[in-house]
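Read top to bottom, the protein sequences are chains E, C, Z, H and X.
For the first sequence, full-length UniProt numbering begins at 1 and goes up steadily by one.
For the second sequence, full-length UniProt numbering begins at 1 and goes up steadily by one.
For the third sequence, full-length UniProt numbering begins at 1 and goes up steadily by one.
For the fourth sequence, full-length UniProt numbering begins at 1 and goes up steadily by one.
For the fifth sequence, full-length UniProt numbering begins at 1 and goes up steadily by one.
Keep in mind that the hints were calculated from the coordinates and are not lab data.
The model shown is predicted, which means the values in this text are computed figures rather than measured ones.
By construction, the Cβ of each residue, glycine as well, lies at the ideal position given by its N, Cα and C atoms.
Here are the simulated BS3-like pairs of lysine-lysine, each with C-alpha atoms no more than 27 angstroms apart in a straight line:
hint, chain 1, residue 1, chain 2, residue 2
1, C, K201, C, K270
2, E, K444, H, K488
3, X, K91, Z, K149
Okay, the calculated bits of chain E under chain H, using three or more residues with CB under 8 angstroms as the criterion:
hint, stretch
4, 384-395
5, 424-432
6, 470-476
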Amino acid sequence: MSLLWTPFLPLAIVLSSLIPGLLIFTLREEQQRTRVALNLVGVVLKLLLVVVMLAGVAQGFTFRFQVPFLPGVPLILQGDALSLQFVSLSSLLWLATTIYAIGYFRGSPLQSRFFGYFSLCVSATVGLALAGNLVTFLLFYELLTLATFPLVVHKGTAAALDAGRRYLAYTMGGGTLTLMGVALLHSVAATPDFTAGGYLAPLLGEVDVSLTLAFALLIAGLGVKAALVPLHGWLPRAMVAPAPVSALLHAVAVVKAGAFGIIRVVYDVYGVETVAALELTRPLLYLAGFTIVYGSLMALRQRDIKKRLAFSTVSQVSYITLGVALLGPVAAVGALAHLVHQGLMKVTLFYCAGSFAETCGVHQVQEMDGLGRRMPLTMVAFTLAALGMIGIPPLAGFISKWYLGWGALAVDEPWVLVVLVVSGILNAAYFLPMIYRGWFAASKTGECARTEAPAMLLWPTLFTAALVVLVGVFAAFDLSPLAWAQLIVDREFGL
Amino acid sequence: MTEWLVDSGLGLALLLLAAATLYAPRLYTSVVFFMGFGLLMAIVWARLGAADLALAEAAIGAGLTGVLLMGALREHPPRTERAPRPRSLLWAALLPLAVLPLLVEAILPLSGGAQPLPAQVDAQLAYSGVSHPVTAVLLNFRSWDTLLELLVVLFALLGTRQLALSSRHPHPPWPLLLAWCRWLAPLAFLLGAYLLWRGAKAPGGAFQAGALWASAIVMLRLNGLLPTVSWRDWRLRLPALLGVTVFVLLAVATWLWGAGWLVWPPGAAKALILLVELAASVGIAITLALLVMGEDRELRP
Amino acid sequence: MNTALLSLSAPLLAALWLLLTHRRQAPVVIVASLISLVAAVFSLYQVIDAGEQSLALGGWESPLGIRLRLMPVSAMLLTFTALIHSLVGLYAWRSRHSQTRHTDYWPLSCLLHAALAALWLSHDIFNWYVTLELLGLVAVVMVCLAGPKAYGAALRYLLLSLAASLCYLLGVALLYGVYGVLDVSLLAEAARADPSTRTALMLMTVGLMLKAALWPLHLWLPAAHSSAPTAVSALLSALVVKGPLFILWLLWSRVAPEELGQAAGPWLALAGVGALLVGGWSALRAPLIKLMVAYSTVAQLGYALLALGLMLHWRELSLDAALWLFVLAHGLAKVSMFLAAGEMQSTLGSRRLDSLKGATQTMPVAMFAFAVAGGSLIGLPPSGGFLAKWLLLLPLLQNPAHWPWALGVMLGTLISAAYVFRVVAISFDRARPTSPDFNPDRFAQWLSLLPALLVWGMALISEQLILWLTGATL
Amino acid sequence: MSLWLFVPLVPLLAAVICLRWPRLRLLVALAPLPALALALWPPAAVDIGWLWFTSRWGAESLFARYLLGFTALLWTLAGLQARLNESLRSRRFWLFWALSLTGNLLLLIAVDAASFYVGFTLMSLAAYGLIIEQGGPAPRQAGRLYLQLAILGEMLLFAGLMLRLQETGQVLLLSEWLQIPTGAWTTALLLLGFGLKAGFWPLHVWLPLAHPAAPAPASAVLSGAMIKAGVLGVWLFMPASGGALSPAFWLALGLFSAFYGALLGMGQQQAKKALAYSSISQMGYLLAIVALAWQQPDARAGLGLLLALFALHHALAKGALFMGAGLAAHHRFHGWQQLMLWLPALALAGLPLLSGGAVKTLLKKAVYDSDVSHWLWLFSLGSVATALVLARALWLMNRQSRAHSPLRLSRSWPLLVLVVLSLLAPWLLSSLRAAMLDHFELSGLWALLWPLLVAALIATAVWRWPPPEKYWRFLQASPARRASLGVKRLWQMPAKPASLPKPGSPVWRGWERRCNRLWQRQPLGLTVAMMSVLLLLGWFW
Amino acid sequence: MSQTLFYLLVGAGLWLLGLHGLLCLRQPLRRIMAVNIMGSGVFMVMLALAVRPDSPDPVLQALIVTGLVVAASATALALRLASADRDRAQKTAEEGE
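Could you put together the complete structure from these sequences and hints?
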C-alpha cells in the first residue's frame with residue numbers, strides 16, 4: 001500500500017456519497033435513470049473503498065487524512081478498527097436502503113431532494129464514524145442533524161412537520177450540549193486525536209470538576225441521538241418519516257451516531273481508567289438499564305407498527321450504552337457487536353414495516369392478521385429480525401446479549417442480567433403477537449391472495465434478514481462483527 | 001458682577017426658552033420659541049467671543065432650521081397633537097434629573113486646564129494658507145472632516161429626494177416679504193460673497209456664505225423670479241454637487257500629483273482653499289435652498 | 001495605505017459620477033465595488049505583510065490633523081465591506097424582485113460604502129462622529145427607498161440616531177475638554193480613570209449602543225431593517241450596525257483605562273446575554289419573515305457584545321478574535337438570509353412567515369440559502385459562526401467561575417436554532433404550499449446563496465484566519 | 001465436514017425442501033434417521049470453530065446415545081404417523097415440525113452449553129407451531145400459555161446460564177461443569193428455566209393444556225422427547241452434587257409431582273389430558289432420579305443410565321399412547337388392536353417383563369441403595385397412582401373410540417412399530433435385560449404386581465360406583481389459562497393517546513401581546529428612557 | 001463659579017432638557033426640536049470649552065461649525081421625513097374612509 005494515496009482513502013469514503021448526493025440535488029425529477037446510476041455508483045464505490053480499508057486496518061495500517069481547521073485542532077478523518085465497524089455497517093446498509101428506497105419511492109415526487117439528502121445523511125454518518133478527534137466528530141454530528149431533518153419531514157404533512165420540529169428541538173439541544181462538552185474538554189486538555197485508552201488520564205485530580213461536567217454534557221448531548229430516556233421523545237415521532245428513512249435513522253444514522261459517540265467518548269477520549277476513577281459511568285449504566293426496560297414497556301403499548309418499532313429502538317440502542325458503561329472488555333465486545341447487530345435487525349424490521357404499508361396498506365398491529373399468507377417472504381424476514389431482537393439464539397441479538405450478560409457478570413453487576421431478562425421478555429411480549437398475527441391469525445378482511453412486495457423492496461429485506469441469521473450463526477467466524485468487535489476491544493483495552 | 005448677572009440671565013433665559021419650546025401648548029408657539037432660542041444662543045455665543053459660531057448659529061441654527069420648521073408646520077395641523085399629561089412629564093423628569101449629577105461631576109474639572117492644540121494651531125497657521133484659525137482648521141488641518149460634512153449635507157438632499165410628498169404646494173408668500181425680496185436677495189448674495197472672501201482672515205466662511213446664498217435663492221424663488229429647475233437638469237445637479245465633487249477630485253489629485261491626500265501645495269494653498277470654499281458655498285446654497293423649497297416635481301422627476 | 005484610500009474613493013467617485021450623470025447604472029457600482037475590493041485586498045495584504053500603517057491627511061500630524069490608521073481589523077473590515085457590497089450589488093442588479101433596481105439605491109449604496117470605509121480608517125473621535133452621522137443618514141435614506149410605508153420606521157430611526165450621535169458628541173466634548181486631543185492613540189496614552197473620562201465613555205457607549213442596536217437599545221432596528229428594501233436590509237444588518245460596534249470596541253480596548261474597562265465589562269456582557277435571549281425570543285415569535293431576520297440581528301449582536309464585555313472584564317484578548325469573527329460570519333450570513341427572505345417574500349407575495357409553506361419545493365435554492373445562513377447563525381460547525389463561538393467559548397469554559405456565561409451562550413445557541421428552524425420547518429410543509437406569484441428567479445436565488453456558501457467556506461481558511469485575528473487584534 | 005453436522009442440517013434442509021414442494025413431507029418425517037444412525041454408530045465428537053462461540057458436537061457416552069437414539073426413533077415414527085394424517089398437510093406444520101426436531105436433536109448432540117441452549121430454544125419455540133396447529137380457541141390459549149412460559153423459561157435460563165458460565169470461568173464444555181459448585185441464584189434460575197420445559201409441579205401448568213390441543217403425533221414427541229430436554233438440561237448444567245438446595249428437597253418435589261400429576265390425571269375427562277397429567281407424574285420420577293444422583297455423586301453414572309432408560313421407556317410408551325389417543329379420537333380399535341393401547345399403558349404402569357417393569361425394578365433398586373431407602377414405599381404407592389391414571393386414560397379412549405370407523409393398519413403402522421419396539425426394548429438393551437431377571441423371582445414379581453392389582457381393584461370399584469361429577473370438576477379448573485389471558489390483556493393495554501402540548505395558553509399569550517404592544521407603541525420614548533437608565537448605571541460604577 | 005463652568009452647566013442642562021423632551025413628547029416636530037435642543041446643549045458645552053479664558057481653541061470652534069451643519073442637514077431631512085410620514089398617514093386614513 002503506497003503512502004501517497006492512503007491519506008485520501010477516508011476522504012474518498014466520505015466523498016463517495018457526498019458528491020453523488022450533491023449532484024443528485026441538481027437533477028430534475030424525471031431524470032430517474034441518472035439518479036439511480038449516481039446512487040449506485042456511489043454505493044458500490046464506497047463499499048469497495050471500505051473493503052480496501054478493512055483489509056488495511058486488519059493488517060494494522062492507519063489511514064489518516066488531515067486538514068487544518070481550528071488552531072491546534074485539525075479536522076481528521078481516520079480509519080481505525082472502531083470506525084470501520086460503523087463505516088462498514090453504514091455502507092452496507094446504505095446499499096440495501098438505497099435499493100429499497102428506489103423501489104419505495106418509485107413514481108413519487110421530490111425524489112431528487114430525497115436522495116440528495118439521503119446521500120448527505122450517509123456522508124455525515126460515515127464522516128462521523130471516521131472522525132479522528134472530537135471536533136471533527138462534532139462537525140459531522142451536527143451535519144447529520146441537518147441532513148436528516150429534510151428526510152424526517154419529507155412527507156410534508158402536519159404530523160411529519162411536528163415530528164421534524166421535535167426532532168430538531170431535541171437534536172439541536174443535544175448538539176449544543178455536545179458542543180459545550182467538546183469545548184470544555186478542549187479548554188482543559190486541547191483536542192488531540194482519539195487515542196485508545198483515552199487521553200485525559202494525566203489530568204486526573206487536577207480538573208475533575210471540568211472533566212465530570214464535560215462528560216455529563218457529552219453524554220447528555222449524545223444521549224439525545226442515542227435516545228436515552230428522558231431524551232428519547234423525538235424518536236417515536238420521527239417514525240412518520242418514509243420507511244427507508246426510518247430504517248436508516250433507527251438502524252444506522254442517527255441513533256447509532258449517538259451510541260457510537262458514547263463509545264468514542266468513553267473509550268477514546270476519557271479512557272476506561274479515567275472514567276472508572278471519576279466514577280462517571282454508574283449513572284449512565286442505570287440510565288441505560290432504565291431506558292432498556294422503559295422503551296420496551298412503551299413499545300408494548302403501541303398499536304402502530306412503526307411506533308412500536310421506534311420504541312423498540314429506544315430500548316435496543318441502550319444495550320450499546322449499557323455495554324459501554326459496564327467498562328469491561330467483554331461487555332464492550334457485546335456493545336460493539338450490538339452496534340452492528342441491532343442495525344441489521346432494525347433495518348430489516350423497518351423494511352418489512354415499509355413493505356407492509358406500501359404493499360398491503362398495513363400500518364397497525366391489528367391489521368397484520370394473515371400477512372404471512374399474503375407476503376410470506378417479507379414476513380419471514382420480519383420474524384427472523386424480531387426473534388433476533390428478542391435474543392433468540394442463534395440470531396444476531398442473542399450474540400450481543402450473551403456478551404452483555406457475560407460482561408455484566410465479569411464486572412460484578414449482576415443486576416444487569418435482570419434488565420436483560422426483563423427486556424427479553426418484554427421484547428417477546430411485543431414482537432411475538434405481531435408474528436402470531438402474521439402467521440397464525442386469519443385475515444379479517446378475508447384477503448389471502450399472495451401479494452409479495454416488489455423485488456426492489458423484497459431483496460434488501462431478505463438480504464439483511466439473512467445477515468441477521470448469518471452474523472449470529474457464524475459469530476465465531478473471523479470476519480463476523482463479533483470478531484471485529486473483539487479486535488477493537490483488544491486494541492482499545494490493550495489486551 | 002454685571003458680567004455675572006448678564007451671564008446668568010442669558011443662561012437661564014436659554015433654559016427657559018428651551019423648556020418653553022418643548023412644552024408650549026401650541027405647536028406654532030413652540031416653533032416661534034425655538035427660533036427665539038436659536039437667536040438667543042447666537043447672542044450668547046457672540047458674547048462669549050465666538051463670532052464665527054454666532055453667525056453660523058444665526059444663519060443655520062436659528063434661521064434655516066426655523067424656516068424649515070415653519071414650512072413643516074403646515075403639514076402638521078395642530079389639532080392632531082395630544083399633549084402629554086403634566087404628571088407623566090414630571091415622572092419622566094426624574095430620569096434626566098438623576099443623570100444630572102453625573103454630568104455635573106464630569107463637567108466640574110473641565111473649567112480650567114491648558115490645551116495643547118491651540119498653541120499648535122497658532123504655530124502652524126502660517127503654513128495653512130489662511131490667517132483665520134477656524135478656517136485653517138476647517139479647510140486645511142481637519143479638511144477631511146469638512147469633506148465628510150459636505151457629504152452629510154448631500155445625504156440630506158438625497159434623502160429628501162426619496163420622500164414622496166404629495167400635498168406640498170407653495171403657499172403664496174406674504175406680500176410684504178415679496179416686496180422686500182427684490183432688494184434683499186441681491187444684498188444677501190453680496191453679503192455671502194463677502195463672508196466667503198473674508199473667511200480666510202476673519203470670522204466667516206463657506207457655510208455661512210452658503211446659508212446666505214440659500215436664503216437669497218429662496219427669496220427669489222418665492223417671488224417667482226427663478227424658474228423651477230428639475231433635478232433631471234444638469235444645471236441643477238452640477239452646482240448642488242459642486243462642493244463635494246471639487247473637494248473629492250482635489251483630494252485624489254493631491255494624492256496622484258501632489259504630496260499626498262489633501263496636502264495642499266505650499267504656494268497654492270490659499271487658492272485651493274478658496275476654490276474649495278467657493279464650490280462648497282455654491283453646493284451648500286443650492287442644497288439648502290432645495291431642502292427648504294424643494295417640491296416634488298423638482299426633486300423627484 | 002493608499003490602496004485603502006483608493007478602496008474608499010472608488011465608490012465615492014462612482015457615486016458622484018452616477019449623481020452627476022443622473023443615471024442608475026448598476027454595472028458602474030459593481031465595478032467600483034470590485035475595484036474597491038481589489039484595493040482593500042491589497043491593503044489587507046500590506047497590513048499582513050508590514051503591520052499597521054497610518055497616514056496623516058493633509059500632511060498634518062496628529063493632534064493637529066486627522067490621522068487615518070489602517071489596522072489589521074480595519075483592513076479586514078474594509079475588504080469585508082467591499083465584498084458585501086459587491087455581492088449585494090450583484091443581487092440588486094440581477095434580481096427581478098429587488099425593489100431597488102430603478103431607484104437612487106445605486107449612488108446611495110456607493111456612498112454607504114464610502115462612509116463605512118471612512119469609518120474603518122478613521123482614528124479620531126470627532127471624525128468618527130461625522131462618519132457616524134454619515135452612516136446614520138445614509139441608512140435612513142436607504143430605508144426610505146422602500147416607499148411611504150417605511151417612513152415611520154425611518155423617522156424613528158433618524159431621531160434615535162441623532163439623539164445617539166449627540167450623546168456620543170457630548171462624550172467627545174468631555175474627552176476633549178479633559179485631554180485636549182482627538183486622536184485615539186494620543187487619547188489612549190493620556191487617558192486616566194477619572195469621573196469625567198468615565199462619564200464621557202459612558203455617554204459615548206450609550207450612543208454607540210443605540211446606533212449599533214445593542215440590547216436594550218435595539219427597539220428601532222427591527223422595524224427599520226424589516227421595512228427596508230431587501231438589498232438595503234442586507235447592507236444595514238451586515239455592515240451598518242457594525243460601524244458603531246467597531247468604534248465601541250476601539251474605544252474600550254484602546255482608549256478606556258484598564259480599570260474602567262474591567263468594571264464596565266460585566267455590564268456589557270450582561271447586555272450581550274440579554275440581547276441573545278430577548279432578541280432570540282422576539283425572532284422566535286415574529287410573524288413576518290424579515291422581522292424575524294431583523295430580530296435575529298439583534299440577537300446575534302449579543303454575541304459580539306458578550307465577547308467585548310468579557311474581553312474587557314478579563315483582559316482576555318483572544319476574545320477580540322471571537323468578536324470580529326462574529327462580525328464577519330454574521331455579516332455574510334445575514335446578507336444571505338435577508339436576500340433569500342426578500343426574494344421569497346416578493347415571489348410568494350406575502351410578508352408573513354406562514355406564506356413560506358412549501359418554499360422548499362417552490363424556491364429550493366433560496367430556502368436552502370436561508371437554512372445554510374441560519375446554520376452559521378446557530379453556529380453549526382464548520383461555519384464561520386461556529387469558529388467565532390468556539391473562540392468565545394474556550395475562555396468561558398477554562399475557569400469554572402466563568403461557566404455561567406457559557407450558559408448564556410448555550411441558551412443563545414438554542415434559541416437561534418429555534419428561530420431558524422421554525423422557518424425551515426414551515427418551508428417543508430407540503431400540505432398547503434403557497435404558490436408563487438411569479439416564476440421564481442433562479443439566478444437571484446443563487447446569488448442569495450453565495451454569501452452563505454462563503455461563510456461556510458470560511459472553514460477552509462479557518463486556522464489561518466483565527467491565528468491571524470488572534471495575533472492581529474492583540 | 002463432520003458427520004455430526006448432518007444431524008441438525010438434514011431436518012433443516014428437509015424443511016426447506018418441504019416448503020418448496022409440500023408433497024415431500026416424507027423427507028421431514030425421515031429426517032431424524034441420520035441422528036439415529038449416528039446414535040447407533042457414533043463417530044468422535046467434533047469442534048466446530050466457526051459456529052457461534054465455537055461449539056462441540058457429539059454423543060460419546062452411552063447415556064447420550066440412548067437419548068439420541070430413542071429421540072430420533074420417536075420423532076421418525078411420530079413423523080411417519082403424522083404423514084398419514086390427512087389433516088396435517090400444511091407447510092407450516094411441517095416447517096415447525098422440522099425446526100423442533102432440529103432443536104431437539106441439536107441439544108442432544110451438543111457437548112457445549114451454547115449449542116445446547118440454541119437447540120433447546122429452537123425446540124421450545126418451534127413447538128409452539130405444533131401446539132397451535134389445529135386452530136381454534138383451545139389451541140390458541142394453550143399455545144399462548146405455552147409460549148409465555150417458554151419465553152419466560154428461556155430468559156430465566158439465559159440468566160442462569162450466564163451465572164453458571166461465570167462460575168465455571170466461561171468454559172462452555174458441559175462435562176467440565178460437573179465439578180464446579182453453584183450458587184443459589186444459579187440453581188433457582190436453571191431449575192426454573194429447565195423446569196418450565198420439563199413440567200414437574202409446580203411448573204407444569206402449560207402441559208395439560210398443550211398436549212390435548214396439539215395433534216396427536218406432536219403430543220407424542222412433545223411428551224415423549226421434548227420435555228425430557230428439560231430434565232436433561234438440569235442433569236447437565238447442574239454440578240454433580242446438586243444445586244444450592246438439598247437434594248432431598250428435589251426428591252420430595254419430584255415425588256410430590258408424581259402424585260400430584262397422577263391425582264389430577266384421574267379426574268380428567270379427556271384422554272390426552274389424562275395422559276398429559278401422567279407425563280407430569282412421570283417427570284416427577286425423572287426429577288427424583290436426578291435428585292438421587294445429586295445425593296450420591298459417586299453413583300452418578302449408574303443413575304444417569306437409569307435416567308436415560310426411564311426416559312427411553314417413557315418416550316416409547318407415552319409416545320405410543322398419545323399416538324393411540326389421537327387415532328382413538330377418530331377410529332375404533334378392535335380386537336388385537338386394543339393391544340396397541342393396552343401394552344404401552346401397562347408398560348407405563350410397570351407390568352413385569354415390559355419396559356416399565358424393568359425400569360421400575362431398577363429405580364427401586366437405586367432407591368434402596370440410597371440414603372432414602374425408607375421412602376421406597378412411596379414409589380410403590382406411586383405405581384398405584386400411575387396405574388390408575390392410565391386406567392382412566394384407557395377408559396376415556398375406549399369411550400371415545402366406540403362410535404368411530406374401524407382402524408386400518410395402513411393408517412396406524414407407525415404406532416404398531418412403536419409398540420413393538422417398546423416391547424422389544426427391554427430385551428434389546430442389556431441394562432434392562434438384567435433388570436428383568438428380577439421379574440422371574442416371585443418377590444420381584446410381587447413387588448411390581450401388587451400396586452397394579454390394587455389399582456385394578458380401585459378402578460373397578462370406581463367404574464362400578466362412579467362418584468358424582470362435582471367431585472371431579474375442581475380438578476379440571478385451569479387457573480393458569482386465565483392468568484395467561486390476564487397477562488395478555490395487561491400487555492396489550494393501549495397507550496394513552498399522545499397528549500399534544502398546548503400551543504400557548506391564553507394567559508401567556510395575553511402577557512406576550514401586552515409586552516409587544518408596550519414596546520411597539522412607544523419604541524422611541526422607551527429607548528430614550530433606556531438610554532437614561534443606562535447612563536444611571538454610572539452611579540453604581 | 002466661573003463663566004465657563006456656568007455655561008458648561010447650561011449646556012448640560014439643555015442636553016438633559018432635550019433628552020427629557022425626546023422621552024416624553026410624541027409629536028414629531030417637537031421631537032425634532034428636542035433633538036435640536038440636545039444638540040444646542042452639546043454645542044454650548046463645546047463652545048464653553050472652546051472659549052476657556054486661558055486658551056481660546058479654534059479647533060473646537062471648527063468642530064462646532066461642522067456639528068452645526070450636520071445637525072441642520074439632519075434636521076432638514078427629519079422634518080421632511082416627518083411631513084412625508086404625516087402625509088402618508090393622512091392618505092391611509094382617507095383611503096380607509
